[in-house]
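Generate the whole structure from the sequences, applying the supplied hints.
Residue numbers (our numbering), protein chains in the order written: chain A, 208 to 522; chain B, 208 to 522; chain C, 208 to 522; chain D, 208 to 522.
None of these hints come from the bench; they were simulated from the model.
Mixed in with the good hints there might be a few duds.
When chains are identical, the list treats them as one kind, so a pair holds in a single copy or across two.
[Said to hold, decoys possible] Below, a list of computed lysine-lysine pairs in the DSS-like style, where the Cα atoms sit at most 27 Å apart:
hint	residue 1	residue 2
1	Lys-517	Lys-316
2	Lys-334	Lys-386
3	Lys-334	Lys-347
4	Lys-334	Lys-517
5	Lys-386	Lys-316
6	Lys-334	Lys-316
7	Lys-490	Lys-386
8	Lys-347	Lys-386
In case you want the letters, here they are:
4 protein chains.
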Amino acid sequence: MDATPTLIALLHGPDQPGLVARVASWIFERGGNILHADQHRDREVGVFFQRVEWQPAFSVAVGEGAASAAAKATAASHALADKSQGRPVDRAAAARDFSEFATHSLGMKVRMQSSDARPRVALFVSKADHCFHDLVLRWKAGDFPCEIVGVVGNHSDLREASEGYGLRFVQIAINASNKAAAELEQIALLREWGVELVVLARYMQVLSADFLATLGAPVINIHHSFLPAFAGGRPYHQAHARGVKLIGATAHYATRDLDEGPIIHQDVARITHRHGVEDLVRKGRDLEKSVLAQAMRWHLEGRVLVYGNKTVVFD
Amino acid sequence: MDATPTLIALLHGPDQPGLVARVASWIFERGGNILHADQHRDREVGVFFQRVEWQPAFSVAVGEGAASAAAKATAASHALADKSQGRPVDRAAAARDFSEFATHSLGMKVRMQSSDARPRVALFVSKADHCFHDLVLRWKAGDFPCEIVGVVGNHSDLREASEGYGLRFVQIAINASNKAAAELEQIALLREWGVELVVLARYMQVLSADFLATLGAPVINIHHSFLPAFAGGRPYHQAHARGVKLIGATAHYATRDLDEGPIIHQDVARITHRHGVEDLVRKGRDLEKSVLAQAMRWHLEGRVLVYGNKTVVFD
Amino acid sequence: MDATPTLIALLHGPDQPGLVARVASWIFERGGNILHADQHRDREVGVFFQRVEWQPAFSVAVGEGAASAAAKATAASHALADKSQGRPVDRAAAARDFSEFATHSLGMKVRMQSSDARPRVALFVSKADHCFHDLVLRWKAGDFPCEIVGVVGNHSDLREASEGYGLRFVQIAINASNKAAAELEQIALLREWGVELVVLARYMQVLSADFLATLGAPVINIHHSFLPAFAGGRPYHQAHARGVKLIGATAHYATRDLDEGPIIHQDVARITHRHGVEDLVRKGRDLEKSVLAQAMRWHLEGRVLVYGNKTVVFD
Amino acid sequence: MDATPTLIALLHGPDQPGLVARVASWIFERGGNILHADQHRDREVGVFFQRVEWQPAFSVAVGEGAASAAAKATAASHALADKSQGRPVDRAAAARDFSEFATHSLGMKVRMQSSDARPRVALFVSKADHCFHDLVLRWKAGDFPCEIVGVVGNHSDLREASEGYGLRFVQIAINASNKAAAELEQIALLREWGVELVVLARYMQVLSADFLATLGAPVINIHHSFLPAFAGGRPYHQAHARGVKLIGATAHYATRDLDEGPIIHQDVARITHRHGVEDLVRKGRDLEKSVLAQAMRWHLEGRVLVYGNKTVVFD
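Laid out in structure tokens, this is it:
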């Protein structure tokens, strides 16, 4: 396994001929080595999507216009040679340069991340602990490239467990009358912690549009149903009442429209008439854990691109 | 494999202690041998459900009150001995007797069938042929204990294929202005054919409440979505627009409320952003085939019990 | 939900007519109320299997031979009336009586358990902690009707985590030269703890035939492959080398023949060429957790019946 | 949907920096528009794999060395403009040119195909008809971009069905003594038919290494088990005897080592103790159909790359 850190770019914008070549050439001409490059075209709306991951070299000053394919290969070899001599790669600069290129030359929206970045994540919880334990244990097992920097609960049920894991826990109680103030308190806390991603691990509270707009960071939620079926509360009771033969769970980005955010991942489990509501809840817990963990991992690995109300997941 | 025909009873009614024992004893005391007996209690509504399948002996005239467990066993042995001597079993009488017992002594609703019955089935089709071919080929392969006695289409597209399989095909064109008359024509035809089950193999037309009430036989439909999500028309377009990660299909009994009938079977398939609507349609065809075929088999094997808007499937 | 404790009997033995009726009648005549009764016949080998679960009343002294069906119902009503008056049910006696009946009158092998029993369980672990945390957290969430009474590790890696959960941890180091002595130490410990079930949560050591025979209690193991494929060590490496498209996990009872014990549960996950061995290991961990947890739950609920090298799982 | 035919290249060879860029630039500089480009690196063996699909323009004579990124885009626009004026694209020449480039400049092995090619396919059958009907009906529904040019059976059971579909059927009976001669007859027939792919639709005969070498075209087989478990004959009987909880099917390229060829696709279905061997066979038929059809589609769409004994499937 080559552990050299990589740059990951997520691009999307108006489709046009040559995008794949122009991105690949830009990287290659600067001595970069592309490890993965996935792209997708949504032909209905004419949008191009790409996830490209590469090992950058130092910033090469090659006369681009003059470089034939052969010359490029030579330049690249030189770059690599230099790199092998230990001349440091300025990944931040490379990311900045690529971002500028993609934005201005290609007209793309771009999100960059480095494979050795460890975004700061906060978990929001309520009383249910299954997703909480699952995420923290996976994180401790090394499954998630991030730092979980704290836990916020509207109840205090998970304080002890959080602190047992060495995580700070802050209770911010929410009720009908204090919601706006409580959300301001949450925002202040998340800023203090430098949070770049919020994961709602069965938080059970709706976040206001104001909260989401002010936060300015993505929020991943797990909904305990196969959306759009059984949106809203008590979906297992609804599923049982309707007599469906499968139950599901849906991980999605939180948006101002409850249960309507872009879906990242979904899965289902088979049920029968023998299963009561409590069995559905139990089976649902397993679904919720695995679906939320998978969505969180894909997000952290820079595999999820949102456009409109949908996602492209480069898995 | 013991090929002796069996009786199958589907019971349901108010729960009460001793139902399992009373059913089993009734059968045993008459020399019957229970092969399968599945039951279910819905504790919320206090309803008992049972599917029991047994090899009946001739009608025994045992003084029930006098029979000790040991005596019963002896009587049963005699009955079996007799049976082994070739004295014919009157299964129709046994079914009648059991039905009377279950209805009057146990207060159950009961549906009886014999394992060697081959109910007469009509297929309703439109233009799409995938479920049609699938059902007919499975039937020819011996998967379905029934007789497919004819095909009814609102278009004539599947006439040639039907006749190629040796099945008669009748076109009854439906349009906005002739629906009531066309349904009367369908009813007359189904009666003439002696149809006991109608399977809508992508028929694409809504059956009126009048049709269903007049027909008096079950109708199984395949809906091309994971109900209740994306009910109604063009579900694959809806699924694509919403960006879901799984598509589904649902087999259900047709009721007057479109897409609301009791669900027999459901399944899903995973999709990604790479799949266009046409891919969803293609993947959906496979789901529709397998889900409808499974539902039809379970129905024909007497495994599906409807109550309220739900089913109990003794699989 | 009716929380009255129930008796569960697992029977198997030579098939004969009337078994279902005789079991049901025996229970009913003693005022018991059958909640679930599943049976299975293996026609190839002529063996009958049953799981029956019932709420016993007190031991009724009804003259069985004289009881007509009607009289039985009356007796049962009386029994229930008595029960409703609070006369205590002697479940231990009822279990003993049924066991005797099933053994001597029916010629069955029988295993009895009470729904409120909480068998004493020991976990055997090594260094990997995913199954360990998963089982303990599910147990704490109330998923498993048992008492986890201690953790035995051949390494000390999970001591702190065990004790953090309030579980005692004993290290018994195993190496090539001390295996027999170490196993004797384990046996002594398990007896001291009164252990009725051992779960190997990625224990990674083979138990000797002597250990299993001496222990006399069931041992459930999780194997990290879809047995019988890739039996033995390093199955994920083997799966990767062979280029299979699915990996699996198998929970089975440990027997003297490694990887050959009766299979309780299996599941698979889809993989692609993109997944390296380390991805297979990560995906495998999720499989191992869910498959082992499901097998353990089924065992604890008295749903698993072993015969020969196979299981009947009444799920 | 843009129906302009595309070129598809499957490349693999020693990994080296810049491959993605060099391929993309080669295509772009010749006015081609890349629609899909998937690649994979097997880091253990240092092999690079790519599937790239593009719409070629006419062969552009652009001075490559002089083309700046901007100039390239302009050239591409001109090419496209020309193309829109109807100047014909010589796809055969473009394929030849690319193949030469990939082979000589990049050191890759390359397989080219055009999206509007319809390879000539022969089905080999025996007595079982489920895969046969399934493949033919999917082909008639437009699922497979190929021509099924004939059916070869070692028995005559499927003659009538083949001819009913308008397909010629040739019986070449195989027995212990005539195998070599029969295979020569098959080879002659396949050459006469111009066959580019053979699909064994439950053919049940082993093809000799000589046959495979002489044929020189790929052969896809469906094995009725989850290989490598239960390789060889009667896998459903083996699965039943072992008491596994899942059965599977495996589509693979036929090689001289029976059951050892590169796996293209696999799937499983859940079974229980209730299922006898005949149920496994029935459920297995559904698996075999769907797994073989998927593998055949992936092959025809140029998504399967073989290396060593494994496949890379760009799905």
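**Asked** What hint numbers does the structure not satisfy?
**Response** Numbers 4, 5, 6, 7 and 8, in rising order.
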